[in-house]
Amino acid sequence: MPGAEPYSADGGPVGLLLQHGFTGTPASMRPWAEHLAAAGYTVRAPLLPGHGTTWQDCNRTGWRDWYGSVEAAYDELAARCETVVACGLSMGGTLVTRLAQRRPVAGLVLVNPSYGTERFDARFARYLAPVMPSRPGIASDIKKSGVTEVAYERTPVRAFVSLQQLWGVVLDGMGDLRCPVLLFRSAQDHVVEPLSGKLLHSRATRTEVREVVLRDSYHVATLDNDAPAIFAGTVEFVESIRAPREPEASEP
29 MPGAEPYSAD GGPVGLLLQH GFTGTPASMR PWAEHLAAAG YTVRAPLLPG
79 HGTTWQDCNR TGWRDWYGSV EAAYDELAAR CETVVACGLS MGGTLVTRLA
129 QRRPVAGLVL VNPSYGTERF DARFARYLAP VMPSRPGIAS DIKKSGVTEV
179 AYERTPVRAF VSLQQLWGVV LDGMGDLRCP VLLFRSAQDH VVEPLSGKLL
229 HSRATRTEVR EVVLRDSYHV ATLDNDAPAI FAGTVEFVES IRAPREPEAS
279 EP
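Position one of the sequence shown corresponds to residue 29 (the numbering used here), numbered consecutively onward.
No lab work stands behind these hints: they were computed from the structure. Since the model is a prediction, treat every value here as computed from it, not as a measurement. Among the hints, a few may not be true.
Derived Cβ-Cβ restraints for the label pairs, each shown as a range [as the list claims (entries may be wrong)]:
no.	residue 1	residue 2	range
1	Ala100	Gly40	19 to 25 Å
2	Glu267	Asp200	29 to 35 Å
3	Gly40	Glu221	36 to 42 Å
4	Asp244	Arg108	34 to 40 Å
EDC-like cross-link-like pairs, simulated, lysine to aspartate or glutamate; straight-line CA separation at most 16 Å [unchecked claim]:
no.	residue 1	residue 2
5	Lys226	Asp200
6	Lys172	Asp244
7	Lys171	Asp252
A virtual CB, placed ideally from N, CA and C, is assigned to each residue, including glycine.
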């Protein structure tokens, strides 16, 4: 798919890993990645296995393949950078949450991450997968006029079943999440329900989750009207992690 290429930029000692979502591509992260690269950070926005080609290819992959790609990108960044912050959109947020449960990530920036669904039809996905390999797509939920997402036009059902399995793994590991989290959540999102934000707040009890509500964007907020706020907020968050803490005053 034209425009689906991964993005890479070498910069300073702070690394930023930006992960796209289910059926999407790094194109949804590119403006964000370019902003961070211009700010002097080392940036990686990898393409997940089974993405950027055909939805049929996606059905041949699963969450372990996707997570392995994310972990490999983190390891490459960690080998060259002093600090690594992981960022993710939608399922990309799910994947980097899992990463932070298993690796010493300095912080998470999540944009409309997914951790579950209350949709009635989702519970039948595993039964439908053998007879209905795809369903209508979820791409380009964007409020801003004239903007479209480089993503599949169909949703691969077998791969979606694997995403459901990933939700369970990540929710079970929320007690292992210790790094600070910055959550950007669209007030109106036609892909990820409010349930996911509630699950993050209720399960991530060993860290601080700071939420920013986006009032002028839909699901793909990184390409939408609130994108500048996400970009600026990410830099502010990263710099707050880097800033040395004030030494405690010694008692006389």
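Taking the hints in turn, this is what the structure says about them:
The hinted range of 19 to 25 Å is satisfied by Ala100 and Gly40, whose Cβ atoms lie roughly 22 Å apart. Range check, Glu267 to Asp200: about 32 Å between beta-carbon atoms, so the 29 to 35 Å window is met. Distance hint check: the CB atoms of Gly40 and Glu221 are about 38 Å apart, consistent with the given range 36 to 42 Å. For the hinted restraint 34 to 40 Å between Asp244 and Arg108, the CB-CB distance of approximately 36 Å keeps it satisfied.
At most 16 Å may separate the alpha-carbon atoms for a hinted pair to count; Lys226 and Asp200 meet this at roughly 15 Å. Note on Lys172 and Asp244: the hinted pairing holds, with a Cα-Cα distance of about 9 Å set against a maximum of 16 Å. Of the supplied pair hints, the one linking Lys171 and Asp252 holds, its CA atoms being roughly 6 Å apart against a limit of 16 Å.
Every hint, counting from the list given before, is met by this structure.
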